[in-house]
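Engineer: Chains as they are written, first to last, in our numbering: chain B, 1 to 300; chain D, 1001 to 1279.
Just so you know, these hints were derived from the structure itself, not from any lab.
Accuracy of the hints is not assured; some may be wrong.
Examples of chain D residues lying across from chain B (beta carbon under 8 Å, computed) [as the list claims (entries may be wrong)]:
| # | residue |
| --- | --- |
| 1 | Thr1024 |
| 2 | Pro1120 |
| 3 | Ile1121 |
| 4 | Ala1124 |
| 5 | Arg1127 |
| 6 | Leu1158 |
| 7 | Phe1229 |
| 8 | Phe1231 |
| 9 | Ala1233 |
| 10 | His1234 |
| 11 | Ala1266 |
| 12 | Arg1268 |
With a Cα cut of at most 30 Å, we get these calculated BS3-like pairs of lysine-lysine [said to hold, decoys possible]:
| # | chain 1 | residue 1 | chain 2 | residue 2 |
| --- | --- | --- | --- | --- |
| 13 | D | Lys1040 | B | Lys57 |
| 14 | B | Lys155 | B | Lys69 |
| 15 | B | Lys155 | B | Lys171 |
| 16 | D | Lys1040 | B | Lys67 |
Partial chain B-side listing against chain D, Cβ under 8 Å, derived [stated by the list, open to error]:
| # | residue |
| --- | --- |
| 17 | Pro217 |
| 18 | Glu244 |
| 19 | Glu270 |
| 20 | Glu274 |
| 21 | Glu278 |
| 22 | Gly281 |
| 23 | Thr285 |
| 24 | Thr290 |
| 25 | Arg291 |
| 26 | Phe292 |
| 27 | Gln295 |
| 28 | Ala297 |
| 29 | Arg298 |
| 30 | Glu299 |
| 31 | Thr300 |
Since the structure is predicted, the reported quantities are computational estimates derived from the model, not experimental observations.
Cβ atoms here follow ideal geometry from the backbone N, Cα and C, with glycine treated the same way.
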Amino acid sequence: MDNEGPDSEQLLSGLEGSAGDSAVLRMRLGTELRRLREAAGITPDRAGFEIRASRSKISRLENGRVKLKNRDVTDLLVLYGVTDEAVRSKFLALVIRSNVPDWWGEYSDILPGWFENYLGLEAAAATIRSFEVQFVNGLFQTADYARAVTGLGRKTATDDEIERWVKLRLKRQELLTRPDPPNVWSVMDEAVLRRPVGDAAVMRAQYQHLIEIAELPHVTLQVIPFARGTHAGESGSFTVLRFEERDLPDIVYLEQLTNAFYLEQRSDVERYLEVVDEISGEALTPDETTRFIEQAARET
Amino acid sequence: MTSDEAHAPGAGGAGRRKKPPFDTTVANQARIYDYLLGGKDNYEVDRVATEAVLAIYPGLAFNAKANRAFLGRAVRFLAGEAGIRQFLDIGTGIPTAGNTHQIAQAVAPECRVVYVDYDPIVLAHARALLTSNEAGATEYVDADLRDTGTVLREAGQLLDFTKPVAITLLAILHAVPEADDPHAIVARLLDAVPPGSYLALSHIASDLLDVATRQGITGVSDRMIQQDFSFRAHDEVTRFFAGTALVPPGVVRVEEWRPEPGQDEAARSSLWAGIGRKR
């Protein structure tokens, strides 16, 4: 099979024209660095040594998880045999652009690092698939629902902090209305709809919002009703992020109370894909789901 | 012995289980096709089976690409020159770039497309990702193509069978063995649509592959892949078009059906393809 990527020149020219989300740019530049390293036959250890860092730093850098430094990239390009001055200066110009602060920088006081990573990945994803067992997906929450959920998890938070969390969540939702939005495909257990978060008015407004958002062409909602019995989702809630680039692996995001796991090993990811595929097949279709939510709204 | 029988011991004839359950322990043709096209919706078993076929017949990779490219040219022809606005796409497969409704609606936004598949995962993906623009419409039918009654009844919810329809059966009929009479199935589909409708079809060719290669592919298929795999010769493929007038150049290799500039000139597929207009 033909697995060859485009040459550097092509890839970089594509990037120059792109919308310029820092996180996306970091991932693409990282992918390009990996491709160049592999083409030059250089191990991550060797590359790490060259820039006074570990192999895991190289891996994070190639996955777009950390900011790129001009000096590191210059050294790596030399090591990888990229001598074309035009390509190098383009690359470095993109590195500078990739370091423009992300919009969530202003929330750094409340934002733990493990979640900041997620925001970058989410912004870069072409497809976001999730399975929810407890709460409505954050991208679909109304402000009141988000406020109620945030309050549950942070008993000691001040009202002001809670408001900032709610604002951050609503700001995240802007990715649904950006020009080239990701496909967001979310399957939720019926429990998500039945568990009251806030009062009945909050839930009714949330149902209405779900019904409206499901009409977006790039949004798919499915409910797996209690009546379908047990399902494949013994894992609890999770999210699978998929990127346009063929070289970038899918990432499974598992959020915990004080941390999050990011799974990238194909064998791990595939288990979660199996589960989400199977649940999607068992769940109500998108049309049936809308009717189901309408019914739930009438009963509330 | 077919792979289906291998997985449903004791079941035979009409009662044979045809619908694949969601099963990631055995390879599946939709996911193999996804893998060959560079998609990410495939599993370890699919990749292993694909690599096993590729080891015997490396041309499978080009077959997949050439078939996908034919879908593009065929649908552009149908929505363009032929003026078709209704499509019945049977054997949808896992969505990838350039799906039938996107190609058709790029030519004429009001096109309506019904996707038919019997694979629960294909259907879930199709419902999530194959969404129509506002002017047109898409619908999804969960049916085995052998069950033409269900296919036509369900498709009739969106399509108007008093007006011309394009039926596309791309790289799907090889999954229907002779015992299930694929020619009668296609004839029943064509019976339901009015004159001026079209049939577009591609099929793996028995007469473009040597015996050893065919036996090798069949062997892998029987051991590792959920669905059946039947090769057919040029005259058998041409016979699917009974009752239609073949659009030039007739039944040819899939990449030779009205090729567009920039196509890989050197590669040769082992798929026959054609488009016919119902008389």
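Engineer: Would you mind marking each hint as holding or not holding in the structure?
Structural biologist: Do the hints match the structure? See the list:
1. Thr1024: It holds, given that the least Cβ distance between D:Thr1024 and chain B is near 5 Å, below 8 Å.
2. Pro1120: At 4 Å from the nearest chain B Cβ, D:Pro1120 passes the 8 Å test, so the hint holds.
3. Ile1121: holds (5 Å)
4. Ala1124: holds (4 Å)
5. Arg1127: For D:Arg1127, the interface hint holds, since the closest Cβ of chain B sits about 6 Å away, which is under 8 Å.
6. Leu1158: This interface hint is violated because 13 Å lies over the 8 Å limit.
7. Phe1229: Constraint on D:Phe1229 not satisfied, violated at 20 Å.
8. Phe1231: Status violated, d = 22 Å.
9. Ala1233: violated (28 Å)
10. His1234: Violated, because the Cβ-Cβ distance from D:His1234 to chain B comes to roughly 28 Å (cut-off 8 Å).
11. Ala1266: It is violated, given that the least Cβ distance between D:Ala1266 and chain B is near 13 Å, above 8 Å.
12. Arg1268: violated (16 Å)
13. D:Lys1040 - B:Lys57: holds (26 Å)
14. B:Lys155 - B:Lys69: Outside the cut-off at roughly 39 Å; violated.
15. B:Lys155 - B:Lys171: The hint holds at about 23 Å.
16. D:Lys1040 - B:Lys67: holds (27 Å)
17. Pro217: Hint holds; B:Pro217 Cβ to chain D Cβ min 4 Å, cut 8 Å.
18. Glu244: violated (10 Å)
19. Glu270: holds (6 Å)
20. Glu274: Since the shortest Cβ distance to chain D is 5 Å, the answer is holds.
21. Glu278: holds (5 Å)
22. Gly281: holds (4 Å)
23. Thr285: holds (6 Å)
24. Thr290: violated (12 Å)
25. Arg291: violated (14 Å)
26. Phe292: violated (15 Å)
27. Gln295: violated (20 Å)
28. Ala297: violated (22 Å)
29. Arg298: violated (24 Å)
30. Glu299: violated (25 Å)
31. Thr300: Status violated, d = 26 Å.
Hints 6, 7, 8, 9, 10, 11, 12, 14, 18, 24, 25, 26, 27, 28, 29, 30 and 31, counting from the list given before, are not met by this structure.
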